[in-house]
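There are 4 protein chains.
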Amino acid sequence: MKRIAVLTSGGDAPGMNAAIRSVVRIGFSRNIEVIGVRGGFRGLIEKNFNPLLPRDVSGLLEKGGTVLLTSRTDEFKSEEIQEKAIENFKSEHIEGLIVIGGNGSQSGNFALSKKDFPVMGVASTIDNDLWGTDYTIGFDTAVNNAIQAIDKIRDVATSHARSFIVEVMGRDRGFIAIDSAIATGADIVLIPEVRFDIGKIIKNIKEGMEKKKLHHLIVCAEGAIHARDLEQIIKSRLDIEIRVSVLGYIQRGGSPTRFDRIIATLFAERALTELIQGGTGKVVGIKDNQIVLIPAEDAVTKQKDINSSLYKIIEEVSV
Amino acid sequence: MKRIAVLTSGGDAPGMNAAIRSVVRIGFSRNIEVIGVRGGFRGLIEKNFNPLLPRDVSGLLEKGGTVLLTSRTDEFKSEEIQEKAIENFKSEHIEGLIVIGGNGSQSGNFALSKKDFPVMGVASTIDNDLWGTDYTIGFDTAVNNAIQAIDKIRDVATSHARSFIVEVMGRDRGFIAIDSAIATGADIVLIPEVRFDIGKIIKNIKEGMEKKKLHHLIVCAEGAIHARDLEQIIKSRLDIEIRVSVLGYIQRGGSPTRFDRIIATLFAERALTELIQGGTGKVVGIKDNQIVLIPAEDAVTKQKDINSSLYKIIEEVSV
Amino acid sequence: MKRIAVLTSGGDAPGMNAAIRSVVRIGFSRNIEVIGVRGGFRGLIEKNFNPLLPRDVSGLLEKGGTVLLTSRTDEFKSEEIQEKAIENFKSEHIEGLIVIGGNGSQSGNFALSKKDFPVMGVASTIDNDLWGTDYTIGFDTAVNNAIQAIDKIRDVATSHARSFIVEVMGRDRGFIAIDSAIATGADIVLIPEVRFDIGKIIKNIKEGMEKKKLHHLIVCAEGAIHARDLEQIIKSRLDIEIRVSVLGYIQRGGSPTRFDRIIATLFAERALTELIQGGTGKVVGIKDNQIVLIPAEDAVTKQKDINSSLYKIIEEVSV
Amino acid sequence: MKRIAVLTSGGDAPGMNAAIRSVVRIGFSRNIEVIGVRGGFRGLIEKNFNPLLPRDVSGLLEKGGTVLLTSRTDEFKSEEIQEKAIENFKSEHIEGLIVIGGNGSQSGNFALSKKDFPVMGVASTIDNDLWGTDYTIGFDTAVNNAIQAIDKIRDVATSHARSFIVEVMGRDRGFIAIDSAIATGADIVLIPEVRFDIGKIIKNIKEGMEKKKLHHLIVCAEGAIHARDLEQIIKSRLDIEIRVSVLGYIQRGGSPTRFDRIIATLFAERALTELIQGGTGKVVGIKDNQIVLIPAEDAVTKQKDINSSLYKIIEEVSV
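Chains as they are written, first to last, in numbering that gives the first Met the number 0: chain S, 0 to 318; chain Y, 0 to 318; chain P, 0 to 318; chain B, 0 to 318.
To be clear, the hints were calculated from the coordinates, so they are not data collected in a lab.
Treat the hints loosely; a few may be bogus.
Note that identical chains are pooled: a pair holds if it fits in a single copy or bridges any two copies.
Below are the DSSO-like pairs computed for lysine-lysine, each with C-alpha atoms no more than 30 Å apart in a straight line [what the hints assert, rightly or not]: (1) Lys303 - Lys286; (2) Lys1 - Lys212; (3) Lys286 - Lys301; (4) Lys83 - Lys211; (5) Lys286 - Lys311; (6) Lys210 - Lys1; (7) Lys303 - Lys89; (8) Lys113 - Lys199; (9) Lys1 - Lys46; (10) Lys211 - Lys46.
All chains should be built: construct the whole structure from the sequences, respecting the hints.
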């Protein structure tokens, strides 16, 4: 291979820039020309291509978001569009593609590789919901962002002896919620994967009040229940001062952590190495502390389980 | 004076702990016994008093919130309650009080001082809306919190070429909104003090889109319009990708900045000095870079103006 | 078991407080009384014991350092001292001990367990140099601290087109240096485990200058060479503006990260569970993403290898 | 005026980029073409000029350092060089210059304005040592950086009951030292402006030890005494565990604070306005909370005094 392309797709995640930098720098070391596709799969169709040299990616390790921009992947489901993309690559002598992104984005990886265009994926989404990998690029930073925000909210909770419901990201999965809850000492966590029992929550809070707990902290994933709705339910049942905070997009941005910068650098290196050696239709992730290759089909179709021992410890620590 | 009390009241603000520490430590230096009142004016009525020694306030400079806890001030408007408070002080040989708080809290200062109990106030509220002082303790930290959050949101905005409306605190006043807007390069700021023209906002965004601006950032004070409502209005008039973030309580917590730690230390020193020397019914603030005394009555009744030159510069910088 | 003790020992590490909290809270859940030993092994000899209840450890998750204080472990090597410690435990009906610390501290674990007193260890040191565990509590935070510092230094380097040598902690091992170097895009890393060739370093910098690199960043572990010495060597061979920064103790403090808070909570839970079930002379760590038990003897005598693939990638990415 | 130039000079300071952005954006609003000079006064001589448009300065508010790069100002003292600079400006139809920098840099302002070339200065240096202004751009961020570092060191100090000497920047002036000391609760501060009495320091520490203070924190400006030297002196007189930390360049970098972003925006606006209206040989600063103009000659020749009330309060608070 002489020339490959790289794109970021789906929700942006801190560390995507570190992965782009790694592809460009290591590609250059190995005499591969790297073309940046601007705007995700859309840029692929619009042929928004720009060559990237080592100096173009200086300073990117510490930068949140993605300098290649990103977009939704919906329209890329059409086979016609996929063929157009491959045509665009061929007309520019681009022989392979690296897709940095999460679930939806790796569907594009799967689709193109089925059409015999070589593609390797790099697992990157703050949601950490990709099958086959313990971590995805961006998750560690997102949870650290959430933790720092909740630490601030705890100052307010403590000063006013006031309880709080904090809503974190996670439409379908509770990974961010669970880690944030343990790391901030939440009393209760609500995630989409586990049906919750409102009676038990009320009982838990009541018992805490009897034990003279000055405040309670509930962390809920947006996909379990909206914080506002939970607030209404609790207030209808208990005479308690309770406030709501929806963390939102601050979880998604910011300078990536050690963990995300390093796995981004390693994932990208591996994706490039595999692509050169003829690999395709796979996603690079990390499993049991080893860099691994996941079939793109599995990554996008199978469901990753939450860590139930993490989930269970929350109750025991919040005595 | 031999023995005084100190309390924090109203919304908690970063730097309140630094002010408590300063009262306790400097009181000790000057042979004044300092009694901490727990839970604001409510603790005063419930006689929730604890003596504080220098070692009790170690490590407080960097701590957000208030270790003395705080509460709303509504019930303290009753004269009966006020007299009960003075009685409680007298029974414990407490000869003066320092009230750390904002608008509502300094009404308590004014009320007690009118009844001839010596009180000095320390201007502290993240809202910065106290007449007679350029800054109140907590404002600088709150805006820095808002800025760091908006910097993260900007990563998302840039990566997706998506506009954002960020709602900051400020029910009646736009101080946080204006400073956050300038410091993050917002294109538009909406504050309660200035009627806004929705037509002009739409025109501004349209012109930006024509100039190929990839995204717009609007900062609004909660008291001007709720971000969700503004989002609906804009979407009904423009075909634009726009998202909302309500920063909420994360503005209020966290470790105080240089500015807040230092003014907290200085305000408290001055309040104590004045109290000992017979001062009462005043609030310590900072005006034109000098520590000043503001009559409590003025502080709570007069309205502080926004800085219109700051407000005007936003438009010019957002070209 | 009805009553156990917990202590922190050796260099303090962010997350030690989270581990203490986890022992106390989970102990309480399981009807085990937990006694805090103040000041490490020294406190054990001086019988500096205090019972800890769930409310005593509130707010500890986010707090750096160790509230139980710590001390060097040298004098604990004497058998007489060890027997005195066991005697002290027996006189207070303490039936087991949890030791939170690194290498030297787990020697104490090994010594006491050999004398048939039940001890479990929790792997905690910023240096990450404990055999049998991929990570120790405190390492992730320390490297993130280093990264944030180096990101700031990079602003200065870039603005002045000036090279920098940054010295990080690590007397015997290069774990902090390697991770910091990859995560900040250092051009060169020097670690105690690998003999470096000064000629190659000079050549590397010269080539960078020819490629119009505006500045170089060298990260060295204190145990490889002191930054000041390296500066002298480089300046004697090259006409280059170079500056030195020794990060020092700022790496060690500060609020722990997600990773350290969570592994601290899990390690402590496991140590307690094992201790109750009769385990002794082991250290809890994490290997291949699973919580594991390491024989204390191995933990303190075997040498953990650096990750050579991480080490190698630095050169390739710094083109 | 149709076309002006802007440069940053001397030590880089957080907020310089915000000032550059403000000049470019507001210049554009007012139909002034702005030329960026790369590399400070050196770039002026080498004619390293590039036009800057509003989009070129996007994202600069939050960025530390200076994208225009900077250099020492020594060689610019030659009149010949100064005349060469003016010639370069004239050949490019540049009619005025804005100099963003501190003491040394404003000497260049003074020199060129004496030769009838219109120049306005913007006060920017982390040292805050410019006469006529209460604050310079970068100081607030530098002290906040120092504070966050010292807060981390305090975790270590507390955990080990170990004293610390922290050396901060300030070769000639103690502004950073004084503010850092108050904000972190240092027991002792040493600054170049005040001769210190080593006997008094020893006595102070001894008394603290008698009062059961677990540790002492000394903040010294590099220009008062080097921390290593002070360590030797103290250790020769007292049996005390003491450690040293030299903060160094981490003070200088990083994302600017609210205060620095805002004064940078305002200072630059005022400098531009004055330049257009015929002003020259002045430096924009802030005095008593008002934006002011300082004659460049005064700014570079007169000595700014430290705030003695701040200095005095340190002792009283450290009981």
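Go through the copies and call it for Lys113 and Lys199: within, between, both or neither, with a Cα cutoff of 30 Å.
-> neither (49 Å within a copy, 46 Å between copies)
Is the C-alpha distance from Lys1 to Lys46 at most 30 Å within one copy, between copies, in both cases, or in neither?
-> within (19 Å within a copy, 39 Å between copies)
Please work out whether the CA atoms of Lys286 and Lys301 approach to 30 Å or closer within one copy, between two copies, in both situations, or in neither?
-> both (15 Å within a copy, 25 Å between copies)
Intra/inter-copy verdict for Lys1 and Lys212 if alpha-carbon distance must be at most 30 Å | Cα proximity of Lys1 and Lys212: across copies only (25 Å, versus 64 Å in one copy).
Give the relationship of Lys303 and Lys89 under a CA distance limit of 30 Å: within one copy only, between copies only, both, or neither.
-> neither (35 Å within a copy, 48 Å between copies)
Same-copy or cross-copy closeness of Lys286 to Lys311 [CA-CA at most 30 Å] = both (22 Å within a copy, 21 Å between copies)
For the identical chains here, do Lys211 and Lys46 meet the 30 Å Cα criterion within one copy, between copies, both, or neither?
-> between (63 Å within a copy, 19 Å between copies)
30 Å Cα threshold - placement of Lys211 relative to Lys83 = Between copies only: 27 Å across, 65 Å inside.
How do Lys210 and Lys1 come out at 30 Å by Cα distance, when the copy is not named: within, between, both, or neither?
-> between (68 Å within a copy, 22 Å between copies)
How would you label the pair Lys303, Lys286 (within, between, both, or neither) given a Cα cut-off of 30 Å?
-> Answer is both; intra-copy 12 Å and inter-copy 21 Å each pass.
In terms of the numbered hints stated before, the structure departs from hints 7, 8, listed from lowest to highest.
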